[in-house]
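**Student:** In this text, residue positions in the sequence shown follow this note's numbering: the first is 1, and each later residue adds one.
For the record, the hints were derived by calculation from the structure and aren't laboratory data. Ideal Cβ positions, reconstructed from N, Cα and C, are used throughout, including at glycine. Warning: the hint list may mix true and false statements.
[Claimed, not checked] Heads up, simulated SDA-like pairs for lysine to any residue below, C-alpha to C-alpha not over 20 Å straight-line:
no., residue 1, residue 2
1, 27, 109
2, 189, 169
3, 215, 236
4, 5, 194
5, 213, 223
6, 221, 157
7, 284, 109
8, 113, 157
9, 155, 174
10, 215, 232
11, 128, 232
12, 189, 217
[Stated by the list, open to error] Across the chosen pairs, the derived CB separations fall in these ranges:
no., residue 1, residue 2, range
13, 114, 81, 49 to 57 Å
14, 58, 84, 13 to 21 Å
15, 268, 51, 39 to 47 Å
16, 37, 275, 16 to 24 Å
17, 254, 134, 16 to 24 Å
18, 11, 155, 23 to 31 Å
19, 32, 275, 21 to 29 Å
20, 111, 18, 16 to 24 Å
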Amino acid sequence: MQELKHRSIRYLTESVPAVDGAGVHLKRAFGNLQGVNLDPFLLLDNFHSDDPKDYSAGFPWHPHRGMETVTYMLNGTMRHEDSLGNKGDITSGEIQWMTAGSGIIHQEMPQQKNGLIQGFQLWVNLPKTNKMMQPRYQDIKHHEIPEYKVDNDTKVRILAGEYSGNLGPVQDVVSNPTYLDVTVNQETKFDYQVAKDNTVIIYTIEGNAYFDKNKENLIEKDHLVVFGSGDEVNIETDNEHTKFLIMSGKPINEQVAWHGPMVMNTREEIIEAFQEFQAGTFIKHKYRI
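Please put together the full structure from these sequences, using the hints given.
**Tutor:** Pasting the structure below:
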């Protein structure tokens, strides 16, 4: 049996404070990082606050085209509504995978006046052949997400993709990514095998851990870890537990033209998208969820 090649850390950075929507304070793990290719992933935001001033304004009406947004809530409730009347709540432990495709105009608004809200929004690119596909939603409830216990010390929630023969509830995603929420107790090893050609990134949520075989850096929460090539990611905790997200996907390897909420292949397509939005011809498909 061929020995697995361990992935080393290629890039490490701490998430940075940012303001988005109508004034939501969040931490941005990545978004168009210069010189760092995370294909097919585009952006990851972490919103986490118990101060209503940080989140109550929400993310009012805005368009998307040519990509997918993935909202995963750990605490609190976010209400999603679009211009065609589709609506629903995403609450603690739930995920929404929204394929914007040819175009969606929507808003995402917190449904609480106070208390803790915590969650993530991941953007995933679509290949050229799917950028104008019919929009769709996959709204996944807490009880629909499988939770796999590696042993008594490690818990894996499978949001999308596959882990140890178990499939996540999000299906038929064009880029076929894997998205896992992993908790590892203290003084525990966790090895994650992955396709050699996939992009693999981790975002740390709680505690600290070593994310390389050589245990060179004890990495704290709110950090983005980008891995080099190989077959396996090696994680080991010390005297604290750790909680993190693993995102893995096959690169699309296409030109990206990106401005605000639109992600296409050329500048001309971006201009066309904004012109259609302003002209009221942006929505190409009538869809219901």
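**Student:** So, for every hint listed, does it hold in this structure?
**Tutor:** Now the hints, each set against the structure:
1. 27 to 109: Since the Cα atoms of residue 27 and residue 109 sit roughly 18 Å apart, the hinted pair holds (cutoff 20 Å).
2. 189 to 169: Answer violated: residue 189 to residue 169 is near 26 Å, above 20 Å.
3. 215 to 236: 8 Å, holds
4. 5 to 194: 10 Å, holds
5. 213 to 223: 18 Å, holds
6. 221 to 157: 19 Å, holds
7. 284 to 109: 24 Å, violated
8. 113 to 157: 29 Å, violated
9. 155 to 174: 27 Å, violated
10. 215 to 232: Holds, at roughly 15 Å.
11. 128 to 232: 30 Å, violated
12. 189 to 217: Holds: residue 189 and residue 217 sit about 15 Å apart, inside 20 Å.
13. 114 to 81: 49 to 57 Å: Given about 22 Å between the Cβ atoms, the range is violated.
14. 58 to 84: 13 to 21 Å: With a Cβ separation near 19 Å, residue 58 and residue 84 satisfy 13 to 21 Å, so the hint holds.
15. 268 to 51: 39 to 47 Å: Distance hint for residue 268, residue 51 holds at roughly 42 Å.
16. 37 to 275: 16 to 24 Å: 29 Å, violated
17. 254 to 134: 16 to 24 Å: 20 Å, holds
18. 11 to 155: 23 to 31 Å: 27 Å, holds
19. 32 to 275: 21 to 29 Å: 22 Å, holds
20. 111 to 18: 16 to 24 Å: 22 Å, holds
Consistency with the previously given hints fails for numbers 2, 7, 8, 9, 11, 13, 16, ordered from lowest to highest.
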